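Colleague: Next come the chains, spelled out residue by residue.
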Amino acid sequence: MMQSFFEWMQGLPFSAWMLEETWASPIIQCAHLVALVGFAGAVLVVDMRLLGRGLIKTPLNQLARELDRWMIWSFVALFVTGAPQVLSTALKQYYSPFFWWKMQIIVIGLLFNFTIRRRVAFAEEGTLGHWPKVVGFLSIGIWTSVSVYARLIGLLS
Amino acid sequence: MRSLFEWVDALPSSIALRESLNAYPTMLTIHVVSMCLFAGLIAYWDMRLVGLTLRKVPVSNIPTRLFPWALTGYGINLITGGLLLYSQPMRYYGNFYFWAKMALMLIAGINMFWFHYATYKSVQAWDQGREIPLNARLAGIVSLVLWAAVVVTGRMMAYSGLMPGWWNNLNIGA
Numbered sequence: 001m002m003q004s005f006f007e008w009m010q011g012l013p014f015s016a017w018m019l020e021e022t023w024a025s026p027i028i029q030c031a032h033l034v035a036l037v038g039f040a041g042a043v044l045v046v047d048m049r050l051l052g053r054g055l056i057k058t059p060l061n062q063l064a065r066e067l068d069r070w071m072i073w074s075f076v077a078l079f080v081t082g083a084p085q086v087l088s089t090a091l092k093q094y095y096s097p098f099f100w101w102k103m104q105i106i107v108i109g110l111l112f113n114f115t116i117r118r119r120v121a122f123a124e125e126g127t128l129g130h131w132p133k134v135v136g137f138l139s140i141g142i143w144t145s146v147s148v149y150a151r152l153i154g155l156l157s
Numbered sequence: 001m002r003s004l005f006e007w008v009d010a011l012p013s014s015i016a017l018r019e020s021l022n023a024y025p026t027m028l029t030i031h032v033v034s035m036c037l038f039a040g041l042i043a044y045w046d047m048r049l050v051g052l053t054l055r056k057v058p059v060s061n062i063p064t065r066l067f068p069w070a071l072t073g074y075g076i077n078l079i080t081g082g083l084l085l086y087s088q089p090m091r092y093y094g095n096f097y098f099w100a101k102m103a104l105m106l107i108a109g110i111n112m113f114w115f116h117y118a119t120y121k122s123v124q125a126w127d128q129g130r131e132i133p134l135n136a137r138l139a140g141i142v143s144l145v146l147w148a149a150v151v152v153t154g155r156m157m158a159y160s161g162l163m164p165g166w167w168n169n170l171n172i173g174a
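As you go down the protein sequences, you meet chains A and B in turn. 125 is the number that this note's numbering gives to position 125 of the first sequence; each next residue is one higher, with no gaps. 130 is the number that this note's numbering gives to position 130 of the second sequence; each next residue is one higher, with no gaps.
Hint data in this document are derived by calculation from the structure and do not stem from the laboratory. As the structure is a computational prediction, the values presented were derived from the model and not from experiment. One should not assume that every hint holds.
Here are some chain B residues the structure puts well away from chain A; computed CB gaps all over 10 angstroms [unchecked claim]:
#1 Leu-4
#2 Ser-13
#3 Gly-51
#4 Leu-84
#5 Met-90
#6 Ser-122
#7 Glu-131
#8 Gly-154
#9 Gly-173
Straight-line Cα separation of at most 25 angstroms, SDA-like style, residue types lysine to any residue; simulated pairs [unchecked claim]:
#10 A:Lys-57 / B:Asp-127
#11 A:Lys-92 / A:Ile-153
#12 A:Lys-133 / A:Thr-144
#13 B:Lys-121 / B:Ser-160
#14 B:Lys-121 / B:Met-105
#15 B:Lys-121 / B:Pro-58
#16 A:Lys-57 / B:Ser-160
#17 A:Lys-92 / A:Lys-57
#18 A:Lys-92 / B:Ser-20
#19 A:Lys-57 / B:Met-105
#20 A:Lys-92 / A:Val-80
#21 A:Lys-92 / A:Gln-10
#22 B:Lys-56 / A:Glu-66
#23 A:Lys-92 / B:Ser-160
#24 A:Lys-133 / B:Pro-68
#25 A:Lys-133 / B:Trp-69
#26 A:Lys-57 / B:Trp-126
#27 A:Lys-57 / B:Pro-68
#28 B:Lys-56 / A:Asn-61
One-sided excerpt, in silico: chain B residues whose CB lies under 10 angstroms from chain A [what the hints assert, rightly or not]:
#29 Arg-18
#30 Phe-113
#31 Val-151
Heads up, the beta-carbon is just placed ideally off N, CA and C, and yes, glycines get one too.
Just chain B, same shape as in the assembly (with noise of 0.2 angstroms):
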């Protein structure tokens, strides 16, 4: 892994976003607004499952309605992430915060999946009442914590000194 990173870290490709003024402004600007878009519609959606807002919305109504705006946000939010990963991969090959990032996506992805091809099956027979099942409300809750981790790793990546103390020893980004 570590030799992947190195390799991208030496592609002129790479050394010349790194080395632009305004590449990395432009595209932590964009993945930041991208994410207000994708993170913030799926809250309310988490929020609704959970019971906290949007009661009178059929629960079938926002994946049809909002989604599609939700996953452009995300698009965008993955093309920006993975140019700021390409311009400095081994800044962020040793930062804990990363790879917390990371393993968080991943959950939560599979915690949408869990939720689509499990749970919401059923969605007509709860789709315009208030009682939520437990399952639902579960995946709701669990949704809203791990995209709010993301967003909290996310953010703690520029806190380079601030790495747990295991992983320093470890010695991953020496």
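So that you can see chain A by itself, here it is in the shape it has in the complex (with noise of 0.2 angstroms):
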């Protein structure tokens, strides 16, 4: 059933026109790679804060409430700029596990953002113990996998 999904993507007079013209494919993923820095910078300056690095006088909660917005668009961004790319190699997607192993890490990522790691954001700074040090490794971690992830696809499929 999911293979026949993929087919069907593959197929779509979208995902032609995509291949046939030059610059569609280079203008998407310089796009791509563009929102990527964006969602970089607004999920590390607020991971690093977690930790106990980087903007260390500006409350917590403060930052990660300005940087919440840039992160979802960024992330908005990286999804429209993506979705294409998929759609336009919808087989050489399903036939590689950095793909498959990319999309779970990423819901796992918007899961536990929007869960755990707002949660402890957002709240009052020093009343969570330790628990702010784990959640801004956990976020690093995650997100810096989906990254690997996803040069490995256009690398080693």
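Combine both chains into one complex, guided by the hints.
Modeller: In structure tokens:
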């Protein structure tokens, strides 16, 4: 069932257009990379603060609330520029283990962010013991894994 | 310049790196991850200067607290980028986007030094305020555009078939 879904995506006129149009893939890939930088910065500034590094003179919840919208909108940009790449190379993605690992970790990352990380980052500082450090460390690990697997789809698939 | 690239290309260590199955994916992956660390933090510093975000954070806090991390990312980025170039110098020699990226990095560096030694000297006067001087805002915009262009040209290096016609006419890579 999943394979036929990917075959359907690969067969869409939009996928054919993406492959035929010389500049479509490069432009979308470049935009994806710029969005990645925006996302990584927003995540890192808060995660480093959770780890007790970086902008320690600024209250954590203030920093987290301000960068939350940048993180969300950068992720939206990553999705908007990532989806056409998946559509146009759907079967390559389907047969790549890195694609599936990347997707699983993205889901874990989103769940982790909207359930645990946000709650810890938005809480009053000093009330959660060592949990902010654990959360910051896990968040950096999760999103680093996503970018590593993303890079490996193109290189080793 | 070409003979230097050809000399490196023929070095046994360059050939060994080029022929290794794991070296290229490993270096490129570390290059991308370290780019996220460096460019991600620099982007938010630039956006603070422009006044787009982190407006309650004193400007001088960012270089003090974030630049050591950004520079660590930059250092790793330089090492992995250097190794990528070392492993395939002739692939990059004729690549327009490689030279464009190098030129953009140089201009971004000049912009950074100019800002640091000119505009940033008066930071105490506007450190806490929401009103950033025009020079600082301009430096932030220029830096954002330049580093985005560095990222874009870096990605475009993979598309050797999409180089400008005038560049192809120069036959540099031939």
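Colleague: Confirm or reject each hint.
Modeller: Hint by hint, here is what the structure shows:
no.	hint	result
1	Leu-4	holds (28 angstroms)
2	Ser-13	holds (22 angstroms)
3	Gly-51	holds (13 angstroms)
4	Leu-84	holds (12 angstroms)
5	Met-90	holds (20 angstroms)
6	Ser-122	holds (21 angstroms)
7	Glu-131	holds (18 angstroms)
8	Gly-154	violated (8 angstroms)
9	Gly-173	holds (19 angstroms)
10	A:Lys-57 / B:Asp-127	holds (14 angstroms)
11	A:Lys-92 / A:Ile-153	holds (9 angstroms)
12	A:Lys-133 / A:Thr-144	holds (16 angstroms)
13	B:Lys-121 / B:Ser-160	violated (43 angstroms)
14	B:Lys-121 / B:Met-105	holds (23 angstroms)
15	B:Lys-121 / B:Pro-58	holds (15 angstroms)
16	A:Lys-57 / B:Ser-160	violated (47 angstroms)
17	A:Lys-92 / A:Lys-57	violated (47 angstroms)
18	A:Lys-92 / B:Ser-20	holds (24 angstroms)
19	A:Lys-57 / B:Met-105	violated (31 angstroms)
20	A:Lys-92 / A:Val-80	holds (19 angstroms)
21	A:Lys-92 / A:Gln-10	holds (9 angstroms)
22	B:Lys-56 / A:Glu-66	holds (10 angstroms)
23	A:Lys-92 / B:Ser-160	holds (22 angstroms)
24	A:Lys-133 / B:Pro-68	holds (19 angstroms)
25	A:Lys-133 / B:Trp-69	holds (17 angstroms)
26	A:Lys-57 / B:Trp-126	holds (18 angstroms)
27	A:Lys-57 / B:Pro-68	holds (16 angstroms)
28	B:Lys-56 / A:Asn-61	holds (12 angstroms)
29	Arg-18	violated (15 angstroms)
30	Phe-113	violated (22 angstroms)
31	Val-151	holds (5 angstroms)
Hint compliance for this structure: hints 8, 13, 16, 17, 19, 29, 30 are broken, all remaining hints hold.
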